[in-house]
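Asks: One line per chain: the protein sequences are A and B, in this order. Numbering-wise, our numbering puts 963 at position 77 of the first sequence, and it's gapless, one number per residue. Numbering-wise, our numbering puts 235 at position 233 of the second sequence, and it's gapless, one number per residue.
It is possible that some hints are incorrect.
To be verified - Taking beta-carbon pairs under 8 Å as the criterion, some of the chain A residues facing chain B (in silico):
#  : residue
1  : L912
2  : K913
3  : G914
4  : F915
5  : T916
6  : A1011
7  : D1021
8  : L1044
9  : R1110
10 : L1199
Think of the hints as simulated: they come from the structure by calculation, not from any bench. The C-beta atom is built at its ideal place from N, Cα and C for all residues, glycine as well.
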Amino acid sequence: MPIEKEKLIEMYTTMVRIRTFEERALKGFTAGDINVVHLYIGEEATATGACANLRPDDYITSTHRGHGHLIAKGGKTDRMMAELYGKKTGYNKGKGGSMHIADVDIGILGANGIVGAGIPIAGGAALSAKMRGTDQVVICFFGDGAINTSRFHEGVNLASIWKLPVVYVIENNQYAESTPISYAVKIANLADRAAAYGIPGVTVDGNDVLAVYEAVGKAVAKARRGEGPTLVECKTYRYQGHFEGDKQTYKTKSEVEEWKKKDPIPRFRKKLIEMGVLTEKEAREIDQKMQKELDKAVKFTEESPFPAPEETLEDVYA
Amino acid sequence: MKEISFMKAINEAVDEEMKRDPSVFILGEDVGKAWGGAYGDFVGLFDKYGAERVRETPISETAILGGAIGAAATGMRPLAFLYFVDFMGVCGDELINQLQMRYMLGGKIKLPLTITAYIGAGVGAAHQHSKSILGLLMAIPGLKIVVPSIAYDAKGLLKSALREDNPVVFLEHKMLLRLTGQVPEEEYLIPLGKADVKREGSDVTVVAISFMVHRALAAAAKLQQKGISIEVIDPRTLVPLDKQAIIGSVKKTGKLVIMDEEPKTGSAAAEISAIIAEEAFDYLDAPIKRVCAPDTPVPYSTVLEKFWMPDEEALIKAVTEIM
């Protein structure tokens, strides 16, 4: 089925919004206004293509590299930036920062500072959706690093035997911190592990937003029909270090250059222009619009107050 | 009133809450038809509520507790049965990093979930099935911790735990499971955070936790014969801790002994003792005493295990030292 023009433009806008947000976050980090960040630059097609299949009442669990997921699920860049700056107006009132950034109201059950920790939580949310008799679906994002944690095994197995409505999206960005995935596993495609749990596994080009959209779309539809989980591996690449300040000595120049040729944003933009969905001018206007949106987000953040120190004591218990 | 076992009290509490609230459900290992929980906590509930609400899991502690968190964050009230509290080591991440979700998200969600698990030595199960780790659990922000000692408390407290909007760890000492006690026919609840005076006395305050309440009561009866009057306070919940009940008793007796079945270092007894030293020092006429286990793993052999567990004699000795 052809994808509607509006949807395509929306996806392009989301990808540009993510990158622009991350570039501003990098500025904030460099200026010393933001503490710890793990940036999503280069992986925009994965979050965007995956979340474009979701309804507002669907859930996602995210990771330490979670800004892209939040934006793709509908998070507002001003409240996100405010959280990174530790401001009171941030999504988490300054209590979570980058590694816990989330808007629960749009179904985000947290970014997570622990690799793989979202996997069992996503299963629980999917179980809840099923028990409450809704047809909500959960997308569980995690990186290639998470695939070797015990919770991947426990969580995916449980979701499989209970046929839970969850879609596992592996963002294989080639590195778990500094360790290449080629060192950490003996298989070429991480989605092959799905066979061990009796669920479908599919590997796609994670830098091709339409390929991600289509593969995750099938998995979401299957989950919504009550037919259980799918493992979707998106092969992509992170342009930044694991964290900002990482010297990235483990990457080679040629490898970086190869992946830059596959940069998901110029690639999708070119495609949309070829398809006649956007003109060069219109694409540029979207880019400029995102710059303006982020100007506003940063202004909002800078003008926002810090929380009162005593707010430390609030929100421990309901 | 009726006479039922501690375990039956737990069974009735879960049954009543599952009947009352369709969002309450059980997940854990061996909770289903065959066993109904390792020692039978949930016997009959599978037949009554079915596999949908009494969810037997594979051996996957991380998926159980992580799953409970995800379900609680999205509108359900899971009871995660974790077997022995020792197994919390397997899902340590969920315990120390994930259950604090509400705080990290700026207070925007509630996590109404209850974890039940067995604690305690006395059955010759050795180190990996005999610990209580109460001090360890108290040190984790965001949890509530329930340590009932009798059937009446177990039922009323578990019903409250299942209605709580926060993570609650409900701990059942293995030596208590078969003990019977009086429980009302009609429904009742016991709020978390209210201590109970299990025996009134005037000379020494003994704060005893879980199974230790029974050993403290036995020791108190013996000490009475020597003319020493012991007040036994059962905190019932360690978080929230009913500090005022303990301070009130110390004001009366001027002496405090804490009996807690776990290694002394970093124990619940250590924390309670620090609180009283900090907040009620002026009422103390003698040093605070802690009757705890030695700082060792839990041994297996009956002889060694008996030596390891705090007993009546140890409590009598501690009381005598400060009289």
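Asks: Looking back at the numbered hints, which does the structure fail to meet, lowest number first?
Replies: 1, 2, 3, 4, 5, 7, 9 and 10
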